[in-house]
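Protein chains: 2
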Amino acid sequence: MRKRMPWIMPVVALGAVLALVAVSCNGGGSGGDVDSIAKERGLSQEDIEAAVQTYTPSGEHDPYIMFASGGHGGQIHVIGVPSMRLLRTIGVFTPEPWQGYGFGGETSEAVLDEGNVAGKEVRWADTHHPALSETEGDYDGQAIFINDKANGRVAVVDLRDFDTKQIVKNPLVINDHGGTKVTPNTDWVVEGGQYATPTPYTNYAPISDYQSKYRGMVTFWKYDKEARRIDTAQSFAMELPPYWQDLCDAGKLESEGWVFCGSFNTEMATGGIEDGNPPFEAGASENDMDYLHVINLNKAAEVAQSQAQDINGMKVLPLQAAIDNQLLYFVPEPKSPHGADVAPKGDYIVVSGKLDPHVTIYSFKKIQDAIEKGEFEKDPFGVPIINFDDAKEAQVELGLGPLHTEFDDKGYAYTSLFLDSAVARWSLGGDYNDDGWKLESKVPVQYNIGHLSTPEGDTVSPDGGYVVALNKWSIDRFFPTGPLLPQNFQLINVADNGDMKVVYDMPIGFGEPHYVQIIKADKLEPFEVYPEVGWDPGTMAVNPNAAKAGEEKVVRNGNNVEIWSTAIRSHFTPEHVEVQQGDNVTWHLTNLETSQDATHGFALPGYNISLSLEPGEAETINFVADKPGVYTWYCTEFCSALHLEMMGYFFVQPSG
Amino acid sequence: MRKRMPWIMPVVALGAVLALVAVSCNGGGSGGDVDSIAKERGLSQEDIEAAVQTYTPSGEHDPYIMFASGGHGGQIHVIGVPSMRLLRTIGVFTPEPWQGYGFGGETSEAVLDEGNVAGKEVRWADTHHPALSETEGDYDGQAIFINDKANGRVAVVDLRDFDTKQIVKNPLVINDHGGTKVTPNTDWVVEGGQYATPTPYTNYAPISDYQSKYRGMVTFWKYDKEARRIDTAQSFAMELPPYWQDLCDAGKLESEGWVFCGSFNTEMATGGIEDGNPPFEAGASENDMDYLHVINLNKAAEVAQSQAQDINGMKVLPLQAAIDNQLLYFVPEPKSPHGADVAPKGDYIVVSGKLDPHVTIYSFKKIQDAIEKGEFEKDPFGVPIINFDDAKEAQVELGLGPLHTEFDDKGYAYTSLFLDSAVARWSLGGDYNDDGWKLESKVPVQYNIGHLSTPEGDTVSPDGGYVVALNKWSIDRFFPTGPLLPQNFQLINVADNGDMKVVYDMPIGFGEPHYVQIIKADKLEPFEVYPEVGWDPGTMAVNPNAAKAGEEKVVRNGNNVEIWSTAIRSHFTPEHVEVQQGDNVTWHLTNLETSQDATHGFALPGYNISLSLEPGEAETINFVADKPGVYTWYCTEFCSALHLEMMGYFFVQPSG
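Residue numbers (my numbering), protein chains in the order written: chain A, 6 to 661; chain B, 6 to 661.
Hints are not guaranteed to be accurate.
A pair holds if it fits inside one copy or across any two, identical chains being indistinguishable in the list.
[Said to hold, decoys possible] Lysine to aspartate or glutamate pairs mimicking DMTMM-like chemistry, simulated, CA-CA at most 20 Å apart:
| no. | residue 1 | residue 2 |
| --- | --- | --- |
| 1 | K125 | E114 |
| 2 | K553 | D280 |
| 3 | K525 | E45 |
| 4 | K370 | E261 |
| 5 | K125 | D631 |
| 6 | K371 | D436 |
| 7 | K397 | E380 |
| 8 | K371 | D394 |
| 9 | K632 | D118 |
| 10 | K632 | E119 |
| 11 | K350 | E567 |
| 12 | K632 | E126 |
| 13 | K558 | E382 |
| 14 | K227 | D436 |
| 15 | K44 | D501 |
| 16 | K174 | E119 |
| 17 | K528 | D481 |
| 18 | K125 | D329 |
| 19 | K506 | E45 |
| 20 | K525 | D481 |
| 21 | K174 | D631 |
| 22 | K218 | E583 |
| 23 | K558 | D280 |
| 24 | K174 | E126 |
| 25 | K370 | E567 |
Think of the hints as simulated: they come from the structure by calculation, not from any bench. Only a predicted model underlies this, so the values are computations on that prediction, with no experimental measurement involved.
Isolated chain A, as found in the complex (with noise of 0.2 Å):
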């Protein structure tokens, strides 16, 4: 392993490091006016301003709410903007005890098992995409989707209780990152790929035969409106070249029915750095073009009726099956292309190369002019490649590392750059903006900035005011909290006259969020508690088996136990249970509250068990009594002055 090769260096381009200086406090204001509190606090008048400007007073909502993923922490952030207030976190492939998801519920250990990997228990994610479910290219506010890069999944969460509905397992991918999003009705949620693998990934095969039997993948969930759950039987999967697919993005009102995802490493290097060879991070980056993959998705829906192929009981389009109906075309992209979104009317795909200043906007009608003519190159697997300059609508230079772009109502676009650790906001060109495709502005950020978001910034009509900045690095930003430091969220305010401003650092001090979407608050319509008491928010419906007031009881068949229990303030109905050890026991629950709020925790201690029954709320938990002694269960949640006193006791008889 000692012979190395040169290979580039990436630069992380950090700005300037700010002298630390911390904020002079003596116990807070005199009450006064701003002036001298500002002069007391050390604030300059543009501080002020940006204080008041994120403020949102006590006790009023945030008019937008951000889904942020939660990174390799598996779950989902709900953030309030511009507060930037983390309201709840919503557990999706991480278990969480306080929220009783994974901690012996029912419901949420079986949601949680379709997770599993070839039959091993998983229970963590590297969540990447949050993609928000949308009616004609809206947001609507009915569910959110959000895929699992680490371990090829894709989770469904409703966003009447902000509860996860679903895992699915891709059974042909270990890895994804290319997704999760949605077509412009909900009709398909696009996991793209990342790293090539043999198909299945469980099939081993040698890095030697890599070109011959490792593929690429993009996966079509079929998503049915009506069970809010994906089908997957109506789901399929298409075969690609062992590219790494990248970033997909949705076609919408012109483009719709297509799909267009960046990929790298069409080098196709193999790495081996310890065999110098030079490592992925120089081999995969060593051509001036990879590809943009266009897929006509409504049409490969319908050749996949006949065509595919059952792998691993997924429904697969051979590669050649894709090539041959005319399924997917390339378009050559410039230097590691990352992003891939597509502008608010459909029109144009806008594209960034990590290591090309510029921003590249294809047209989607030249894309289907340059498709009509028919003239193409062909990659060395066959699948057609459309001039560069047929495609290309524009290109803009902004600076350096552009990653992702997303826009506003005004016809602006807004692109992170890496390197820069800035955000540039441009014009798009078109029917968008008389400006036509030019630079307009940037504003540092802190520091290295990944992902964006504007208000509704990936729908049909996308609001402005706001960017938010989704930094990876804080180094210097907030009091170190040991070698491991925060993500840095910053909020960015665009003024009507385009002028951006950072209004806000929020620190993330949990998993690195990769991407969000904020949708404005009046779309959702969350239940405030359960529709009726006994509800099964794995059914959505009451279950007729729930605890009921007034019939809780035990019941011993053998050395079965069955519990029926409910919780209300501030006690347990029954407060005694008695069994014996080695005993199987299933304990139904119901918190029969109807108030907002009014929500019961259950801790069984030494038994990993953990429950949130939120009013209304019906679960059950079943588990085997081995250890003998005398157990105290509780309510986890302060729910009244005595709620010390709601608990009860487990007695477990020894055996023998």
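With chain A's structure known, arrange chain B on it following the hints.
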């Protein structure tokens, strides 16, 4: 289960529910003056002042750091004050994949396994009371302790790297509540009990044997400051009557060496609503007085050397020995007591009865005089009871549902009022304040406050200026995120003239924090990066077997495969690892970075493995490669522009 007894129905006083008006928001301001921005956002002059008050400018650091228990999330949260920004979450009892806590890394798996309960993995907790380490009664920024009420455990977190280093399972009890609190030089970590069980809890006894076989417990864990670990061999517990011991506080200055614990359920109610008995909430609330437990810790530690018995591997001082050696006294305390808080000079102990509108203040000197005098009543177990009036210094009527009290630097105390949903400010008498024992003012909070905290408020030298109210219900304060709503931390500004004003609402979108402590930021000295490359956070020293740059290798020995890997922007070495199905894999990884914030992740899909390698950190994983196929590991941190290329292939050749 049909017969019911009347009992107290606690009333949850919510205060006035504000009408909700969404913030009018038209995409941000126009960069104008404060007045026009304020007008645009519908803010009053008061709102602006509040905004300015709470605003910590971007890039500047908070002067205070707040450590919040994570409630039934099982973690600790680190929050800046006054900005109320979540700086990070620390994995304590619950695995956290994004920080590589409990997902394959040997170090953290070993810590979590220390917390197994009777051999069973219990991977969550109900963390209650964080206690910062102290030197001479002041927070010293070295470590923080926290208890798990649900399962009777205590954890130790090192504040150099904000990493959990130790979990101790109390072998006697299955639950605790009244801790953790530390003595003024962190010689002892106090773990108070809660619900009585047999000792140990694994010894089944029927509830009919409650008075004879069930016992309360307080445990004193010896902390070894050099080793920065609890020394279980030097620790001991004290058996107590089967009342439900509640919060403890350690004496300081003149009361140093003593410990004070509240209690309730001196009725020894055993519940059983299903049999027509009063439920615990009623049965445990009948007496007018319960008992403050006054414990001579220093003397108990001496006596324990000779008179403690070994129970389940733990030294236990029997109740009779505690009585005989004059280690334990009771003082009556009014109606359903909860908090017990020692004043800064150690001279007074403040208790609150949840169902009594007063706080009661005891004089430590009066308690000592009464002990000296030696005229006691006795409880049914023979514990001497000091006369209430002999110990009482004062009572102050504050309002409904007083719970907890902290202090400031001007001789005032702040008490949470659960039923009133308010914070009361009152003057201490004695040497503290010429105002005597007197209610000064109250401020409403939203809603149902539990604990509160002031900066350094639990030390011998509290700061003033702020109060943080830990409110259990938020109801209408934020946009609702389904039936499960956040808690609400409110920042109260306390002006020099004593005026209190709620200036910020911070939703807690994860487990319910019970208590927080707030330390001056400049007392913390966190590592910016680990001191040397190859650092083991478990031993806090370089691991001699850590992978080193230039010495990466894969070594096979029979079916054991050992791998030494390194990570540096933006590649792993090696990039290919091939094993046979069924091999035992031991994989050492070192992050070679020495720059602050240059963390690399290591995600091995399909095997439930996620590491977070902070700069310099070395970690080891062990697993059996039981699933064949091609697995794509990668760095989960967006560490450079080419971070997507930072990956490798793990090949598992099928057996047979």
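Structure-based check of all given hints:
1. In this assembly of identical chains, the alpha carbons of K125 and E114 lie at most 20 Å apart whether taken from the same copy (14 Å) or from different copies (18 Å).
2. In this homomeric assembly, K553 and D280 come within 20 Å of each other (Cα to Cα) only across copies, at 17 Å, whereas the closest approach inside a single copy is 67 Å.
3. For a Cα distance limit of 20 Å, the shortest separation of K525 from E45 across copies, 19 Å, qualifies, whereas the shortest one inside one copy, 37 Å, does not.
4. For a Cα distance limit of 20 Å, the shortest separation of K370 from E261 inside one copy, 12 Å, qualifies, whereas the shortest one across copies, 81 Å, does not.
5. Within a single copy, K125 and D631 get their C-alpha atoms only as close as 24 Å, which misses the 20 Å cut-off; across copies the closest is 10 Å, which meets it.
6. For the identical chains of this complex, K371 and D436 are intra-copy neighbours only, at 16 Å inside a copy versus 84 Å across copies, given an alpha-carbon limit of 20 Å.
7. Taking the closest pair of Cα atoms, K397 and E380 come within 20 Å of each other only inside a single copy of the chain (16 Å); across copies the shortest separation is 96 Å, beyond that limit.
8. For the identical chains of this complex, K371 and D394 are intra-copy neighbours only, at 9 Å inside a copy versus 91 Å across copies, given an alpha-carbon limit of 20 Å.
9. Taking the closest pair of Cα atoms, K632 and D118 come within 20 Å of each other only across two copies (17 Å); inside a single copy the shortest separation is 25 Å, beyond that limit.
10. In this homomeric assembly, K632 and E119 come within 20 Å of each other (Cα to Cα) only across copies, at 18 Å, whereas the closest approach inside a single copy is 29 Å.
11. In this assembly of identical chains, the alpha carbons of K350 and E567 never lie at most 20 Å apart, being 58 Å within a copy and 55 Å across copies at closest.
12. Proximity of K632 and E126 under a CA criterion of 20 Å is satisfied inter-copy only: 13 Å between copies versus 24 Å inside one chain copy.
13. In the homo-oligomer, the alpha carbons of K558 and E382 never lie at most 20 Å apart, since the shortest distance is 74 Å inside one protomer and 43 Å across protomers.
14. In this assembly of identical chains, the alpha carbons of K227 and D436 never lie at most 20 Å apart, being 33 Å within a copy and 73 Å across copies at closest.
15. In this assembly of identical chains, the alpha carbons of K44 and D501 lie at most 20 Å apart only when taken from different copies (16 Å versus 29 Å within one copy).
16. For a Cα distance limit of 20 Å, the shortest separation of K174 from E119 inside one copy, 7 Å, qualifies, whereas the shortest one across copies, 33 Å, does not.
17. In the homo-oligomer, the alpha carbons of K528 and D481 lie at most 20 Å apart only across protomers (18 Å), although the nearest pairing inside one protomer, at 37 Å, exceeds that limit.
18. In this assembly of identical chains, the alpha carbons of K125 and D329 never lie at most 20 Å apart, being 38 Å within a copy and 57 Å across copies at closest.
19. Taking the shortest alpha-carbon separations for K506 and E45, only the inter-copy value of 17 Å comes in at or below 20 Å, while the best intra-copy value is 24 Å.
20. Taking the shortest Cα distances, K525 and D481 sit within 20 Å of each other only across copies (18 Å), while inside one copy they are farther apart (33 Å).
21. Taking the closest pair of Cα atoms, K174 and D631 come within 20 Å of each other only across two copies (19 Å); inside a single copy the shortest separation is 32 Å, beyond that limit.
22. Proximity of K218 and E583 under a CA criterion of 20 Å is satisfied inter-copy only: 17 Å between copies versus 59 Å inside one chain copy.
23. Taking the shortest alpha-carbon separations for K558 and D280, only the inter-copy value of 11 Å comes in at or below 20 Å, while the best intra-copy value is 68 Å.
24. Proximity of K174 and E126 under a CA criterion of 20 Å is satisfied intra-copy only: 12 Å inside one chain copy versus 26 Å between copies.
25. Taking the shortest alpha-carbon separations for K370 and E567, neither the intra-copy value of 64 Å nor the inter-copy value of 55 Å comes in at or below 20 Å.
When each numbered hint is compared with the structure, violations occur for hints 11, 13, 14, 18, 25.
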